[in-house]
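Asks: Here's the letter readout for the chains.
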Amino acid sequence: MLILAYKSLMNRKGSVLLTIVALAVSLFVLLAVDHIRQQTKNSFASTISGVDLIVGSRTSSINLLLYSVFRIGSPTANLSWNTYQNLKKHPKIEWIIPISLGDSHKGYRVMGTTDDFFSYFKYGKKHPLTFSDGKAFKEIFGTVLGSEVAKKLNYEVNTQIVLAHGIAATSFTQHKQHPFNVVGVLEPTGTPVDQTLFVSLQGIEAIHKNWQTGTRLNNTIQYDLQQDNLTPESITAAMVGLKSRMATFGVQQYINQYKQEPLTAILPGIALSELWQIMGSVEQILELISYLVLLASLLGLSAMLLASIRERHHEIQLLRVIGAPPWYIFIIVEIEAMLITLMSSLISIITLWAVLIGFQSSLTAEFGLQVSVNLFSFKNLQILLLVLIATVIAAAIPSAMAYRSSTRTM
Amino acid sequence: MAITINQLEFYYSETPNHQVINIPSWDLADNEQVFIHGPSGCGKTTFLNLISGILPVSNGSIEMFGYSLQKMKSSQLDKLRANHIGCVFQSFNLIPYLSPIENIKLAAQFSKKNTSNDLISKLLYKLQLEKSTWFKPTHHLSMGQKQRVAIARALINNPKLIIVDEPTSSLDKKNRDTFIALLMEQVSQLNCALIFISHDLSLSRHFSRVDSFKDINQMANLVRC
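Protein chains in written order, with the numbering used here: chain A, 83 to 492; chain B, 4 to 228.
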C-alpha cells in the first residue's frame with residue numbers, strides 16, 4: 083500500500099513537489115516561530131537569578147531590564163556614584179554590584195563592574211559564575227571574558243586587547259593608550275554573560291580620562307593611575323541583593339522615591355513578566371499567522387489530491403476490479419497525503435536546523451538570544467502530530483471522493 | 004454453472020425510468036468460452052460490471068459458481084473478484100507507473116493467495132514478455148506487451164472466470180493473433196470459463212460459442228443500438 087502510494091505520488095512529481103514545498107514553507111514558519119519563541123523565553127528567564135532589584139536612572143522597567151541584563155538598547159541617563167555609595171550603606175541591602183556600559187570590543191559589549199559581580203551574580207537556577215581559566219580581575223587593566231567572546235575571538239589568558247569607544251561593531255575610536263590583559267575566561271552560561279567582556283570600573287574610568295563627550299582630547303593631560311583618582315562619577319545601573327526578601331518592596335519604594343536623583347528600581351521577575359505581556363499579543367498574532375499559512379497549505383494539498391482523483395478515475399476502477407475494497411482506495415489517498423506531510427516536515431526541520439546553525443551567532447550577537455539548534459522537543463512533536471492529524475482531516479475530502487468514485491461503474 | 008442470470012434488470016439510480024439492461028435468461032457453463040459481439044454503447048461494459056459485482060442489480064438475479072451476487076456483502080464481492088475473476092480490458096488495463104511485476108503482485112495481494120516471484124516469472128516467460136521490461140513502468144511498454152502483462156495479471160490467481168473486454172482494438176493484426184493465441188492457450192491450461200467481448204467478429208472463429216449482445220439484452224435493440 084505504501085509503495086503504491088509512493089509510486090502514485092512519483093507519477094505526479096510536478097504538482098506533488100509544489101505541494102511539498104508549500105507545506106514545507108508553512109511548517110518551517112510554524113516551527114521557527116514556536117521554537118524561537120520558546121528559546122527566547124527560556125533564554126530570558128534563565129539570564130538572571132538571585133538578584134532582588136535592579137536600580138537605574140528614571141526609565142521604564144522594561145528598558146532598565148533590557149539594557150542592564152540583556153545589553154539591549156541604551157540607558158537614558160546614569161546614576162551618580164554618590165547615590166550608589168548611599169544605597170550601599172542601606173541597612174537592608176546585603177550587596178550591590180555597579181554596572182557601567184558604553185564600550186565594546188569587536189562587537190561584544192564591555193561591562194565595567196567590581197569583582198563582586200563574579201561572587202554574587204547568578205543565572206538559571208541560581209548557578210554561580212565559574213571560571214574555565216584564570217580568575218577575577220584585581221588589577222585596573224585586567225579583563226574577564228565571557229565564554230563566547232573567548233571562543234569566537236580565540237582569546238586566552240594573557241591576551242592583550244584594546245577596547246573601542248561606543249557599542250558599534252566597527253568603531254574608529256579605540257582606547258589604544260590602555261590595552262587590557264585577559265586574566266580570566268568564564269564557563270559558558272547560555273546567557274548574555276557569554277558575550278560580554280568584564281573590566282573594572284577603574285579600568286573604564288582610566289580609558290576615558292582625557293575624553294569629553296565621546297571624543298579624545300588632543301591636549302593630553304597627565305594623570306596618575308592611582309585608584310583614588312579613578313573613582314567613577316556615575317554608573318549605568320546596579321544590581322542589588324537584599325538581606326531579606328521581605329524587604330524587597332520597602333527598598334524598591336525607598337529607591338523609587340529617592341530624593342537626590344530620580345531612580346527606578348525593578349524586580350527582574352516582574353519586569354520580565356511585563357515584557358512577556360507586551361510580547362504576548364505579538365506572539366499570538368505570529369502564531370495565528372503561522373497556523374493560517376499552514377491551513378492554506380493543507381487546503382492546497384487537499385485541492386491537489388482532489389484534482390488527482392478525477393485524473394485517476396480509471397486507476398481507481400482498475401483497483402476495484404482486481405479486488406481492492408473501497409476502504410483501500412480511501413486509505414491510499416490518505417497515505418499519499420501523509421507521505422507529502424512527512425516529506426514536508428522533514429524538509430522544514432532540516433531547513434530550520436540549517437538556518438538556526440547559520441544564524442545562531444547573529445541572534446546571539448544582535449539580540450543576546452541563545453537559541454538552541456536542538457529541535458527535538460515535546461512541543462515540536464506535538465505540533466508535528468497536530469499537523470499529521472490536520473492532514474488526515476484535510477485529505478478526508480479527496481479520500482471520500484476516491485471512495486465514492488470507486489463504488490461507481492467503470 | 005459458472006454464471007446463471009434470471010430476469011436481470013438494471014437502471015442507474017439517477018435515471019430509474021431508463022432501463023439499460025434487461026436479460027430474461029443467460030448462462031455460462033464451467034470451463035465454457037463465449038464470444039459476445041455487439042456495437043459500442045449497447046451496454047456490454049455495464050453487463051460485465053454487473054457480472055463482476057461492481058454494479059448492483061436492480062431486479063432479478065445473477066448466480067456465480069452457485070453464489071447469489073445480490074446476497075453477497077460488498078466485502079464478499081471484493082473477495083470474489085480477487086479470487087475467482089480475472090479481467091483484461093482494451094485500455095486502462097494496468098497501473099501505468101507500476102512495473103509488470105508490481106501490477107501482477109498487486110492483483111495477487113488482494114486474493115491473499117501465496118504468490119511467489121518464481122510463479123510470476125514463469126507466467127511472464129510463458130507469455131513471452133522480455134525480461135528487460137519486467138521492472139519498467141508499464142507506460143514504457145508497447146500495447147502488445149501491456150496486453151500480455153494484463154493476461155498475466157488476470158491469470159495470477161488461477162481464476163474460475165476470465166472477462167475480456169475489447170482487448171484487441173488497439174492492436175495490429177499480428178499482435179492481435181498473438182494475443183488471442185496466448186490467451187486461448189492459457190485459458191485451456193487453466194480450464195476456466197471465459198467471456199470475450201468484442202465488436203470484431205473475425206475473432207469469433209476461435210470460439211465454440213458465439214452470442215450477440217442484442218440477443219442477450221432485450222434493451223439493446225430498443226434503446227441504444
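Treat the hints with care, as some may be off.
Just some of the chain A residues that point at chain B, by a computed CB distance under 10 angstroms [to be verified]:
1. Gly-96
2. Lys-233
3. Thr-255
4. Lys-258
5. Pro-261
6. Leu-400
7. Leu-401
8. Ile-404
9. Phe-412
10. Ile-413
11. Glu-416
12. Met-420
13. Ala-482
14. Met-483
15. Arg-486
16. Thr-489
For the record, the hints were derived by calculation from the structure and aren't laboratory data.
Cβ atoms here follow ideal geometry from the backbone N, Cα and C, with glycine treated the same way.
Asks: All the hints need checking, so say for each whether the structure fits it.
Replies: Results for each hint:
no., hint, result
1, Gly-96, "14 angstroms, violated"
2, Lys-233, "53 angstroms, violated"
3, Thr-255, "69 angstroms, violated"
4, Lys-258, "71 angstroms, violated"
5, Pro-261, "71 angstroms, violated"
6, Leu-400, "6 angstroms, holds"
7, Leu-401, "8 angstroms, holds"
8, Ile-404, "4 angstroms, holds"
9, Phe-412, "13 angstroms, violated"
10, Ile-413, "13 angstroms, violated"
11, Glu-416, "18 angstroms, violated"
12, Met-420, "19 angstroms, violated"
13, Ala-482, "16 angstroms, violated"
14, Met-483, "17 angstroms, violated"
15, Arg-486, "13 angstroms, violated"
16, Thr-489, "8 angstroms, holds"
Checked against the numbered hints listed earlier, the structure breaks hints 1, 2, 3, 4, 5, 9, 10, 11, 12, 13, 14, 15; every other hint is satisfied.
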